[in-house]
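S.K.: Next come the chains, spelled out residue by residue.
2 protein chains.
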Amino acid sequence: MSTKWVYSFNYKRTEGNREMKNLLGGKGANLAEMSSLGLPVPPGFTVSTDACLDYEKNNSISDVIKEQVKEALLEVEKVSGKKFGDDANPLLFSVRSGARVSMPGMMDTVLNLGMNEKSVQGLAELTNNERFAWDSYRRFIQMYANVVMEFNISLLESTLEDLKEARGCHLDTELTAQDWKDLVSVYKKIIVEETGQRFPEDPYEQLWLAIEAVFKSWNNPRAIKYREINDIDHHWGTAVNVQSMVFGNMGDDCATGVCFTRDPSTGDKKFFGEYLINAQGEDVVAGIRTPAPINDDSKNISNKEMKTLEEAMPKTFGELVEVYQKLEAHYKDMQDIEFTIEKDKLFILQTRNGKRTAAAAIKIAVDLVEENILTKEEALLRIDPEDINQLLHPRLDPDAEKTLLASGLPASPGAASGEICFTSEAANMKAENGAKVILVRQETSPEDISGMVASEGILTARGGMTSHAAVVARGMGKPCVAGCSELSINSGAGILKVAGKEFKEGDPITINGATGEVFEGIIPTIAASIDDKFEKFMSWADECRKLEIRTNADNPEDAQVALKFGAKGIGLCRTEHMFFEPERILAVREMIFANTETDRRLALEKLLPYQKEDFIGIFKAMDNLPVNIRLLDPPLHEFLPHTNDEKAELAGSLDITLEEINQRQERLHEFNPMLGHRGCRLGVTYPEIYMMQVRAIVEAAIESKNAGITVKPEIMIPLISEAKELEFLREKTIELINTIFEEKGSSIDYKVGTMIELPRAAITAAEVAKSADFFSFGTNDLTQTTYGLSRDDSGKFLPEYQNRAIYPKDPFVALDQSGVGFLVDFAVKEGKKTNSSMHTGICGEHGGEPSSIDFCHKIGLDYVSCSPYRVPIARLSAAQAALRD
Amino acid sequence: MSTKWVYSFNYKRTEGNREMKNLLGGKGANLAEMSSLGLPVPPGFTVSTDACLDYEKNNSISDVIKEQVKEALLEVEKVSGKKFGDDANPLLFSVRSGARVSMPGMMDTVLNLGMNEKSVQGLAELTNNERFAWDSYRRFIQMYANVVMEFNISLLESTLEDLKEARGCHLDTELTAQDWKDLVSVYKKIIVEETGQRFPEDPYEQLWLAIEAVFKSWNNPRAIKYREINDIDHHWGTAVNVQSMVFGNMGDDCATGVCFTRDPSTGDKKFFGEYLINAQGEDVVAGIRTPAPINDDSKNISNKEMKTLEEAMPKTFGELVEVYQKLEAHYKDMQDIEFTIEKDKLFILQTRNGKRTAAAAIKIAVDLVEENILTKEEALLRIDPEDINQLLHPRLDPDAEKTLLASGLPASPGAASGEICFTSEAANMKAENGAKVILVRQETSPEDISGMVASEGILTARGGMTSHAAVVARGMGKPCVAGCSELSINSGAGILKVAGKEFKEGDPITINGATGEVFEGIIPTIAASIDDKFEKFMSWADECRKLEIRTNADNPEDAQVALKFGAKGIGLCRTEHMFFEPERILAVREMIFANTETDRRLALEKLLPYQKEDFIGIFKAMDNLPVNIRLLDPPLHEFLPHTNDEKAELAGSLDITLEEINQRQERLHEFNPMLGHRGCRLGVTYPEIYMMQVRAIVEAAIESKNAGITVKPEIMIPLISEAKELEFLREKTIELINTIFEEKGSSIDYKVGTMIELPRAAITAAEVAKSADFFSFGTNDLTQTTYGLSRDDSGKFLPEYQNRAIYPKDPFVALDQSGVGFLVDFAVKEGKKTNSSMHTGICGEHGGEPSSIDFCHKIGLDYVSCSPYRVPIARLSAAQAALRD
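Those protein sequences? They're chains X and V, same order as listed. Each residue of the first sequence is one higher than the one before, starting from 1 at the first, in this note's numbering. Each residue of the second sequence is one higher than the one before, starting from 1 at the first, in this note's numbering.
Worth double-checking, as some hints may not be accurate.
To be verified - Below are the DSS-like pairs computed for lysine-lysine, each with C-alpha atoms no more than 25 Å apart in a straight line: (1) V:Lys70 / V:Lys57; (2) X:Lys724 / V:Lys770; (3) V:Lys724 / X:Lys225; (4) X:Lys796 / V:Lys724; (5) X:Lys833 / V:Lys829; (6) X:Lys809 / V:Lys724; (7) V:Lys724 / X:Lys732; (8) X:Lys732 / V:Lys770; (9) X:Lys809 / V:Lys770; (10) V:Lys724 / X:Lys216.
Keep in mind the hints are simulated off the structure, nothing from the lab.
Work out the full structure, taking the sequences as your base and the hints as a guide.
M.R.: Structure, rendered in structure tokens:
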């Protein structure tokens, strides 16, 4: 049996369903599903993602595929009673991409396909609207030339502008049928002149090239960039949906719109959407005209005066309400529905699980559980843990002084301040130099993705809640204020005028994506507040998860934040950060420059009280919870003075010359500090440093215990490559602790373990585990050594690696399971062979990344530890891992 | 049954044998074996190495051990008819260390133990020689004070010097019995005054403390240092041999000596040795008096006038000949025998397999096979592959002009030039700064080991062929001229006077260890020549080994040397070295600074002809043998200009400012170059660089083929961390090669494979192997990343690690089998799962190190590749690995 490449959907016969996303793409599968549900879906067919891969392989659409497309097309002709390219009753198609997951704005689309000199006549007669017919033909040519012929359409656009100028009119709607007809001729002439190719008249030729263009668009740079940002596999391919056209722009009895079954910003259970009378679907999302609300619930400050769909077309609105209720009940999730009304008849073009803010996602999930539509477990699996990120960002200090400049749409929640940038390039450049920036644009387009990534927040002058800027910003969890029409932006001159003031590139502004407000200058923020729904949702996560969640915190303040976010202990407390504080750094430097152990001990004695104080604060914050403290890790040269003032101070304190300081600094230089004299290597060569730290920890623990705190210190020895290092240092540590116990006449429980962050430690874990009460996987360094890849230097070529799909993901972001993960898994198994009671966890950046947490759960670690703000993400990820198991 | 700690040996009953080296030490096992053979061995007993470990653990000699020692001692009293501490017929003992392997000069020894105020009288009466008795007592006190009481004996020595001065005599022999008696009193008084302890009279007290001192000496710094240099396990411990004393210094009918059953320098089958009349054994090896030859065969320029033992004591010499023949037949190897003649009676104190030069070792092994004493396989296993090293060093150019300064003993073959250093400290310092040095000493002692390691060669004014300097230098394979009495050395003033000339520290000299000659200045050397015995021996090795032996060679000259040493191909040809030649480096830099791919290609085109030329030379040298060429590996910044002249030249050539050069150089800086933008990462980001190299290789191969050469190129892509890197570059490589084949209308066979030098490549080998015709393990970098240890930076703490026995061996010298080796083994097994025909080898420094080669054989690699001079070592190591298997 030959492969099936094409799947029909129409009210008589539908071959696909929602389960077939991989083959038909999300859009294709949903069109099929909706069609099966008996919803008013314009008939069509889907060319599968496999056909895309086949195209990529052969660089052409195979004859078999073409044959199947023709058959499906004839079926559409039959059910619709129209004919492709006909001069009487022409069948027109939209050709759209549709990948396994939604990639908004990424894929090129062609509408009105099938128009030519013959069918334009047919359309004119059929609709009794010559102007509409020629406008549609004009639109088709423009879009087709752009997408399929890869023609720079600014030439066409400027011809249109010239024409409007000549006619003395501002709006397209002021042009006549003859104007459009003339323009079609001019367009065709320009295309022949510029490309040497005539514009195709044969509708099938149009179709083949359009399908091919969609296939090709899978690998356009914007699409690749989007996939990289969103961790989408480059090898999935896209399906092509060929669907008969319906027109929202045939007159004032026509409309097009987008609606959500619940509010995508808040999650409130209210029908919510926007529409445009006499428009094509692209007009709504392009953000060129500000759309009207579909009902009162959808009104906001910028559209509240406009007529709702409910008012304008009450009957059709009623049908739409029926449809949305059917769809939400069917999909058991909030739906994002695209509809078109052609001469008062409703058509549903698309439905999908709606993108939403994290707050809305949580609220919807919790509501659906409370409405008995979902189970708790289903609800937990519904939320992408990364989305929680946006809930946890700080918001504007309500008490801070603010100068309001303007208000736009609250397109993506959260507050952000930064320097104004008018272009993505500028945003990228400034951000690379460490500046925080706000991208300020008329509207954004897919070309702006990288600039949006680089920015703290996005502010646009045009576009609605479903505009590109709004959708993408919500996806990124970045604050966005959209459609702020009060702004007057001259990006060429680099000037923003608003509220009678003028701002230049680099001037600071603040946006509040939750309210749509724009403020002058930088406004202080306060930590995110978490609502009841969130707490309830997270408590469900905690019931399900098997992994403990700890945090990486170096001071009592961070520990407090993490506790509030649900951390159950500290997985990594880095002691070196404590060394940098101004009153200590001189003693640290004296210690480094000491010539003898005696001098080193003298300097260390000065540090002891500070370290002790640090630990007392942390034990207090983490009462009755484990606190894992890593002994000094970085190479000593990291603490050396950089400025001449600092060097002079040190020289004075040590009574040596500046020259000598420089010479010694020279001697401490390392070619590869990452692989140098650091971690336990410092402990082995200068045991007195580690012993000062151990003393500080244990004395702090005993004092805390005496103050009524329950202390659970874990002493972590870093950078073990050989079991004997740990054996040696563990012995010394325990010896000292016993001495302190005697000195103080008191004792505490404690653990001594190690960080597994070098391949050899993982490989020889069975030996290492004999001296370890715990293994904490330092996957940052383990990734560096397993890959032979310096995190500090890889920036120069890692982007190229991701562009070429050589590294599917940045291994510093998502744990590389087949390499680094292999070592972690191996070490756990080997370690438990010789020490079955050993506790295991992970404390690299990966400890807060969902796919990595899933892996940690699978291989049976006891805990993950991550930065405070990622603790809730880790809690949910851990729950999902347990549920999937 | 309680543990047996003590083993007796005497002519009635012997409990040990030669197989018990681990327990009794080499010396103890041999004393037992000789005793069993009925040889005249002074009776005694051995306290086992286990007892040493027991002592280390408890820090005292246990009562059980003491009990067993007492029993054994009573047995010696019985068979000898003497009594310990007796005033009539006193039994005296030597107490010597004896580890599993010989550690010459490392362990402290006590002689004449059992002497006190009573037994000195007994000895005087028994020998009728009061002077001898008190001299012996004096020697005992001195030695015992030094070794057991850890007393600085310079105070005692200066008292002796003062006495001689007061008596107006120069030699000890001029002192009278009363003098010695007086000295004994003075010695005892000094000891009490200085240490607060009286000198022990009780012979048992003497014995316990002496045994303890031997146990302790296992961990003295000299012993530890020796073990580190010789890769001896620190956990073996030493046995203690307590043996009744015989005296070579009772008068002129007494003697002591050392003999070899064959010539240890040449391997010639002749009895060879040295002796001293009226001396104790220590006097021979200490090199204080120049000893006499035992027979005519043992004569050399400095002793040819002296009376041989054969002449002086013909009967005893005859007995010695019988003994040596018996011993060599029994042990089937050249023996190093210590003997003492006490009043014309021969005693054998020790025999062991004699240390020998590498040339002698080979000759003896081959001779023993030809004498039907050994099989070829036994002979192959007899030679330590590392010893071959000394055969392969260059020798002095016979045609060079030379100014002979003096002649000494040819103590260890090979020629060396360097700056004069009079102390080990100076030698170490100069060597660390990169200078080549010759250590020039009156005589060497164990304290000089580190200075000898640091030196190219050793020159001494005193001592014979079996002196410390000679024995140790032969062991190290370093040239040595010993006993060069024409030298007048004032090391305090830093002056050497010889042949009427004066030399200061730092002046250059040359020694020829094969002839004993010392020359002024630096003399050119030529490559080692290899003799027939060696060729025959190595041909046996080649018959046995399974591993192919290749070489690392970057140019035709190195390839030639390696071919001569038996290499069967190139395992690693590093192309980057070719880039540094003056006429090319500018083009390399232009390439690096190019802003566009086009500019980069222009610069690369300039390099192409050079690279091609390189490869043509190498293919020619390696006709019909595989040549594995690694594409560019180091980060580009390694090629950047350092001097301002070079920078100015580059700026001119690129038409940019010096400022820009510096800025761009800054941008190329890396924090961890080892983990940076290098290896295949360059190939992925700038494929044009690798493609230039591929073109050069393939065009060179085709031209060589056309010139009648059989080419077998292997293209190696380095630093793979992910299979897709290799897949991408392999595809590009093959594509280009096919293009070249078409251009040239000719083709060649080739392989494309990769270097496995990152842990992730090893872990994911199954995937990587799909795109690899071969795996070559780059164990240098694999060691760096597996350990997280930079070779360039580890020098600061690696010595400390070895001192503390944390790393048993330097992992850059001997392959770490449990960590790095695990990855190599794993990668081979995984790789062959997906690509069973894959060829595997190793090309790190480890490829020439015997224990690493053994490992490579065990895990089934196809080849090892090493530097040209190590090829014979690798051939033998591979044969031994196969034989042991």
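S.K.: Does each hint fit the structure? Answer for all of them.
M.R.: Quick rundown of the hints versus the structure:
no., hint, result
1, V:Lys70 / V:Lys57, "holds (22 Å)"
2, X:Lys724 / V:Lys770, "violated (38 Å)"
3, V:Lys724 / X:Lys225, "holds (19 Å)"
4, X:Lys796 / V:Lys724, "holds (19 Å)"
5, X:Lys833 / V:Lys829, "holds (23 Å)"
6, X:Lys809 / V:Lys724, "holds (13 Å)"
7, V:Lys724 / X:Lys732, "violated (46 Å)"
8, X:Lys732 / V:Lys770, "violated (48 Å)"
9, X:Lys809 / V:Lys770, "holds (21 Å)"
10, V:Lys724 / X:Lys216, "holds (23 Å)"
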